[in-house]
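From just these sequences and the hints, can you work out the full model?
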Amino acid sequence: GVFFSGGFGHAYIEFAAEIFAEVHSGSTMSVEGIQRVGERLRPRIIAGDPPDVIDNSGAGHLDTAALVAEEELMDLGSLMNAPALDTPGKTFGETLFPGSQASGVFNGVQRYVNIAFTIFGVWHSKALFEEKGWSYPKTWDEMMSLCETIKSSGTAPWTYQGKYPQYMIFGVLEPLVEKIGGVHVWKDIDNLKKGAWEHPAVLDALQKMKALHDNGYIMKGTSGLTHTESQAEWLQKKAAFLPCGT
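Quick note on this note's numbering: the sequence shown kicks off at 14 and runs consecutively.
I should point out that these hints are in silico values taken from the structure, not numbers from a laboratory.
Mixed in with the good hints, there may be bad ones.
Stated by the list, open to error - The calculated lysine-lysine pairs, modelled on BS3-like cross-linking and capped at a C-alpha distance of 25 Å, are:
(1) Lys221 <-> Lys206
(2) Lys206 <-> Lys192
(3) Lys223 <-> Lys251
(4) Lys221 <-> Lys200
(5) Lys176 <-> Lys103
(6) Lys164 <-> Lys207
(7) Lys221 <-> Lys164
(8) Lys145 <-> Lys233
(9) Lys103 <-> Lys221
(10) Lys151 <-> Lys206
(11) Lys251 <-> Lys233
(12) Lys223 <-> Lys233
(13) Lys250 <-> Lys139
Unchecked claim - Ranges between beta-carbon positions, derived for each pair:
(14) Lys192 <-> Asn94: 51 to 59 Å
(15) Gly258 <-> Gly237: 19 to 27 Å
(16) Lys103 <-> Gln220: 43 to 51 Å
(17) Ala115 <-> Arg53: 22 to 30 Å
(18) Gly258 <-> Lys192: 15 to 23 Å
None of these values were measured; they are calculated from a predicted model.
Just so you know, even glycine gets a beta-carbon here, dropped at the ideal spot from N, CA and C.
In structure tokens, the structure reads:
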């Protein structure tokens, strides 16, 4: 199996490999941690030599919808219906958090399973905010006002994963659009409804995001940072806000 080497570390996948070896004695297997999963594995998939198991996570991951369309992913129904390893009387699927695997279902078929329940949000340092007397904003207007205060103090209000800017989509654009226009805006976009991207809430959210840059609220050098480098800058209190996952 090949997995994304990121914030979760390696211990969890190595533990799973140990259990697999115990349950399937005599079998051989290996696990390898990599980054830029899509770039590394797409050639193997095209060549007809994909890994048996892939943790398709992190920046530069594989296009799941394309893999489904190309019929590269197995039907995992037998896995979901298999007896749970450590919960008598339950199937594997029944032991999982309700609804957590819905995104992996395509045309009624389970094509992938999610391995972790994570949350994307905007991180701030409670210690830094208490030290400076700042309060976390509850509205976007309050955010912009606080950013000006933070900037005046000599700290950059924001940084993000410049080399992988999709973090700003997860952490800022998506919640802004929903707060402005409601969740139906994203449902229309997901369902490819004509004109969905032209909804006023989308334009308003994009303009609000752009204002972070226009007002000088993004830390200098952010565009050249990786996900781990931006986290390091934030941990060193060089920036007050960072969009990231758990």
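Comparing the hints with the structure gives:
no.: 1; hint: Lys221 <-> Lys206; verdict: 24 Å, holds
no.: 2; hint: Lys206 <-> Lys192; verdict: 20 Å, holds
no.: 3; hint: Lys223 <-> Lys251; verdict: 21 Å, holds
no.: 4; hint: Lys221 <-> Lys200; verdict: 21 Å, holds
no.: 5; hint: Lys176 <-> Lys103; verdict: 43 Å, violated
no.: 6; hint: Lys164 <-> Lys207; verdict: 40 Å, violated
no.: 7; hint: Lys221 <-> Lys164; verdict: 17 Å, holds
no.: 8; hint: Lys145 <-> Lys233; verdict: 21 Å, holds
no.: 9; hint: Lys103 <-> Lys221; verdict: 48 Å, violated
no.: 10; hint: Lys151 <-> Lys206; verdict: 31 Å, violated
no.: 11; hint: Lys251 <-> Lys233; verdict: 10 Å, holds
no.: 12; hint: Lys223 <-> Lys233; verdict: 15 Å, holds
no.: 13; hint: Lys250 <-> Lys139; verdict: 11 Å, holds
no.: 14; hint: Lys192 <-> Asn94: 51 to 59 Å; verdict: 39 Å, violated
no.: 15; hint: Gly258 <-> Gly237: 19 to 27 Å; verdict: 21 Å, holds
no.: 16; hint: Lys103 <-> Gln220: 43 to 51 Å; verdict: 49 Å, holds
no.: 17; hint: Ala115 <-> Arg53: 22 to 30 Å; verdict: 28 Å, holds
no.: 18; hint: Gly258 <-> Lys192: 15 to 23 Å; verdict: 19 Å, holds
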